[in-house]
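**Student:** So you can see what is in the structure, the chains are spelled out below.
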Amino acid sequence: MKQALNNMFDDIYKPLDEPCAGKIVICTGTGCVASGSLKVLQAFTEEIRKAGFDVAQTLPEAKESTRPDSTVRLSKSGCQGFCQMGPLVTVLPENILYTKVKPEDVAEIVTETLLNKRVIERLLYKDPVTKEPCQGQNEIVFYKRQSRFVLKMCGELDPESIDEYIERGGYDAAKKAYSDMTPEQICKMILESGLRGRGGGGFPTGRKWELTRIQPGDKKYVICNGDEGDPGAFMDRSVMEGNPHSVIEGIMIAARAVGADEAYIYVRMEYPLAVKRLRKAVEAAESKGVLGKNVLGSGRQLICHVMEGAGAFVCGEETALISSIEGKRGMPSPKPPFPAQKGLNGKPTVINNVETLATIPLIVNLGVEKFRKIGNEKSPGTKTFALSGHVANTGLIEVPLGITLREIIYDIGGGVTDKHGTITNDGFKIVQIGGPSGGCLTEQHLELSLDFDSLREIGAMIGSGGLVLMNKNTCMVSVAHYFMQFTQNESCGKCVLCREGTKQMLYLLEDIMNGQATAQTLELLEQLARVVQKGSLCGLGKTAPNPVLSTLRYFRDEYEAHVFGKRCPAGQCKALLVPEIDPEKCKGCTLCARKCPVEAITGERGKPHTIDPEKCIKCGACAAACKFLAVTGV
Amino acid sequence: MKLESRNNQIAQEVIEIVEKYNFQREKLLQILEELNDSYGYLSEFVMKEVAKNLQLTTTEVYSVATFYSFLNTRPKGKYIIRLCKTISCVLAGKNAVANALRNELGIDFGETTSDGKFSLEFTNCIGMCNQGPAMLINNDVYYHLDPEKAVEIVEKYQ
Ligand SMILES: Cc1cc2nc3c(=O)[nH]c(=O)nc-3n(C[C@H](O)[C@H](O)[C@H](O)COP(=O)(O)O)c2cc1C
Ligand code: FES
Numbered sequence: 000m001k002q003a004l005n006n007m008f009d010d011i012y013k014p015l016d017e018p019c020a021g022k023i024v025i026c027t028g029t030g031c032v033a034s035g036s037l038k039v040l041q042a043f044t045e046e047i048r049k050a051g052f053d054v055a056q057t058l059p060e061a062k063e064s065t066r067p068d069s070t071v072r073l074s075k076s077g078c079q080g081f082c083q084m085g086p087l088v089t090v091l092p093e094n095i096l097y098t099k100v101k102p103e104d105v106a107e108i109v110t111e112t113l114l115n116k117r118v119i120e121r122l123l124y125k126d127p128v129t130k131e132p133c134q135g136q137n138e139i140v141f142y143k144r145q146s147r148f149v150l151k152m153c154g155e156l157d158p159e160s161i162d163e164y165i166e167r168g169g170y171d172a173a174k175k176a177y178s179d180m181t182p183e184q185i186c187k188m189i190l191e192s193g194l195r196g197r198g199g200g201g202f203p204t205g206r207k208w209e210l211t212r213i214q215p216g217d218k219k220y221v222i223c224n225g226d227e228g229d230p231g232a233f234m235d236r237s238v239m240e241g242n243p244h245s246v247i248e249g250i251m252i253a254a255r256a257v258g259a260d261e262a263y264i265y266v267r268m269e270y271p272l273a274v275k276r277l278r279k280a281v282e283a284a285e286s287k288g289v290l291g292k293n294v295l296g297s298g299r300q301l302i303c304h305v306m307e308g309a310g311a312f313v314c315g316e317e318t319a320l321i322s323s324i325e326g327k328r329g330m331p332s333p334k335p336p337f338p339a340q341k342g343l344n345g346k347p348t349v350i351n352n353v354e355t356l357a358t359i360p361l362i363v364n365l366g367v368e369k370f371r372k373i374g375n376e377k378s379p380g381t382k383t384f385a386l387s388g389h390v391a392n393t394g395l396i397e398v399p400l401g402i403t404l405r406e407i408i409y410d411i412g413g414g415v416t417d418k419h420g421t422i423t424n425d426g427f428k429i430v431q432i433g434g435p436s437g438g439c440l441t442e443q444h445l446e447l448s449l450d451f452d453s454l455r456e457i458g459a460m461i462g463s464g465g466l467v468l469m470n471k472n473t474c475m476v477s478v479a480h481y482f483m484q485f486t487q488n489e490s491c492g493k494c495v496l497c498r499e500g501t502k503q504m505l506y507l508l509e510d511i512m513n514g515q516a517t518a519q520t521l522e523l524l525e526q527l528a529r530v531v532q533k534g535s536l537c538g539l540g541k542t543a544p545n546p547v548l549s550t551l552r553y554f555r556d557e558y559e560a561h562v563f564g565k566r567c568p569a570g571q572c573k574a575l576l577v578p579e580i581d582p583e584k585c586k587g588c589t590l591c592a593r594k595c596p597v598e599a600i601t602g603e604r605g606k607p608h609t610i611d612p613e614k615c616i617k618c619g620a621c622a623a624a625c626k627f628l629a630v631t632g633v
Numbered sequence: 000m001k002l003e004s005r006n007n008q009i010a011q012e013v014i015e016i017v018e019k020y021n022f023q024r025e026k027l028l029q030i031l032e033e034l035n036d037s038y039g040y041l042s043e044f045v046m047k048e049v050a051k052n053l054q055l056t057t058t059e060v061y062s063v064a065t066f067y068s069f070l071n072t073r074p075k076g077k078y079i080i081r082l083c084k085t086i087s088c089v090l091a092g093k094n095a096v097a098n099a100l101r102n103e104l105g106i107d108f109g110e111t112t113s114d115g116k117f118s119l120e121f122t123n124c125i126g127m128c129n130q131g132p133a134m135l136i137n138n139d140v141y142y143h144l145d146p147e148k149a150v151e152i153v154e155k156y157q
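Top line first, the protein sequences correspond to chains A and B.
Its first residue numbered 0, the first sequence is counted upward by one per residue in numbering that gives the first Met the number 0.
Its first residue numbered 0, the second sequence is counted upward by one per residue in numbering that gives the first Met the number 0.
Please keep in mind that the hints were generated in silico from the structure rather than gathered at the bench.
Do not rely on the hints blindly, as some may be mistaken.
Label pairs and their in silico Cβ distance ranges [stated by the list, open to error]: (1) A:Asn293 / B:Asp139: 36 to 42 angstroms; (2) A:Lys617 / B:Glu25: 47 to 53 angstroms; (3) B:Gln23 / A:Pro18: 32 to 38 angstroms; (4) A:Lys573 / B:Asp139: 31 to 37 angstroms; (5) A:Pro203 / B:Glu12: 43 to 49 angstroms; (6) A:Gly534 / B:Asn137: 37 to 43 angstroms; (7) B:Asp139 / A:Gly288: 33 to 39 angstroms; (8) B:Lys148 / A:Gln56: 29 to 35 angstroms.
Think of the CB as a built atom: it goes at the ideal place given N, C-alpha and C, for glycine as much as any other residue.
Only chain A is shown next, with the shape it has when bound in the complex (with noise of 0.2 angstroms):
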């Protein structure tokens, strides 16, 4: 079944007509740059070139090649969501991949793998659990389980190279929309797909494109919605660095869709490389007549402009974000009116979130009916995830809607680490889904279905896709004051009871923490988480509680602890721990008594020493210097 999916994917891309002896992909997304990518990029260029070979760096070098024989083609791709094992490094047609590639590799690469077609064991994946080397994608169990359909061209296409995505068939569901259909049967055929947003609410994205288009008027407009600010979510990233032209190309379709003639890509400043590949990708689709005064020869008209954020998490609500591309302050508005019906200057807007729109020309490729078998009913399609924290693999993933939270924690990330990063077989606590918005999911979830409704079911909400998993050692009460202090910071200031109701909320974990908490303070917490959640305006102050509220129902027990017993049963609440030297561990050396700034630690050369918690200050500086782990509580 998984298999029969990837393989319809396969369907809607053409394959590249390269006539060269071989090929080498080097991922080039934000995280294999930064573990170096670049530099073996530019090893490969000189081995090759002194094995005799030609290099064709870009899609027509390697078509103009004169000696394809003796050519190599060396391309680029974004993220494949692996960043972990980084630098990573493809050979083609065998499909070897290669990771933690370093530029002292690359010569052997060239010779033995490019040359000889022999594999080079060391730099294969090993298997976690069974040890043994695997050779692609499909032997990794990471990969193996997902099913990489918006993703699926990240890993494989030069994000920088608009010809290659028109080769392998991009732009082909935007000339369909702009030549063969007219903007209802587009609205109709997205509404039967079942597509829903991809930003957090899931509403269906047909409907909203309808909503816009039945509005008066000549003036509408699309936003791509670029500002994922969710802690701990990197999807949206990986798409506009490593399949800039998807997004565009959905955006066309949402315009031609609506009958917009004017778009905005709205980036977070801090992704400097996603803004980077998506002005250079609008300026090529410029330049080739995709986008412009012309689009596609249609006589349509199309601009599109990418525009940075600056640093503003609220942003990322739709009303705000609209405001901030007015150059005002990024503050949210009451709806209605929503942004169909009023959006951007005024006129009726489209605002989607990214991977909703790198799905669209999937759709229109594949049809309807096969969309709707990916995923489950009410939640057709595939999702991505963000996979962070306690896991053994990292990374960026792409499964059906409706896979389990089991499938998604053990299969593809590994299982749960603890903290020396060691796989461990019971130290699942939660995973945090949502980001600030969201709430915890727990062993009791482990077969619940991800999907938009069966979250929403429990008080919590896929949200963008972040998963940050937690082990055993995780205290609840802190990563539930994580998020109210995120909140807090990120509340504009308009609503009363964000602003100041999220400020006396942390406050009151404050207390939970510090060992200052009544009976009171739980009562007093809930009753004002609930009147937040109804007096706040938008999105942020409406779901600010829910952290707390869930991590509440889950682990009351917890916080009961910290309340009653003055005690953090996951030992990191600071101000709750008691100091000591463990006799049995301790060897009398003497280090941490000298690395005392106040004197505390008292002992005999050879003998146990003690530390007196009265004068303790709980710098840590003693058990940062003991070799033998003695000390605990500071």
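Using the hints, position chain B with the ligands against chain A.
**Tutor:** Frame of chain A; chain B with the ligands shown alone:
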């Protein structure tokens, strides 16, 4: 006199940028971003000039400039170090890195070194969550930090 000619020059530069955006009010954020890039921060003088050219009140420009954390209304260091303070990076050991950076530069977060070289700040998630702790120095991304590595990287900019 010297200050005056410098101000004249800035005023001229502001006009050029505002002109590039056709004096459109809705381009205010882009205009401020660009000026912030060229001067490192938005001085009162720059904001007044922008307001004058766009026919806005200075308060309006100021209110936008202070809303966004990437726009500075006070001078910042040549290199702005932005350490991710978001949860995945916290789980990966951000606090130790933060301490190392404080010690290395002798300033706290939110401050700038006296030689004007470095500013130390926290940022929200920069999308390197699976490889935390992560930081940005201007536009360069660094990740998988530990205290030693962070200090080494900062030394390269010294
Ligand atoms: C506080 C807040 C932050 C948001 N951040 C984002 C974001 O970063 N990216 C995004 O696509 N949508 C975000 N949204 C949702 C948008 O308001 C909007 O619903 C979405 O962009 C619509 O696109 P979709 O229908 O394709 O999901 C946010 C909403 C709120 C309330
Ligand atoms: S949590 Fe630090 S980069 Fe995302």
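**Student:** Checking against the hints above, which ones are violated?
**Tutor:** 3
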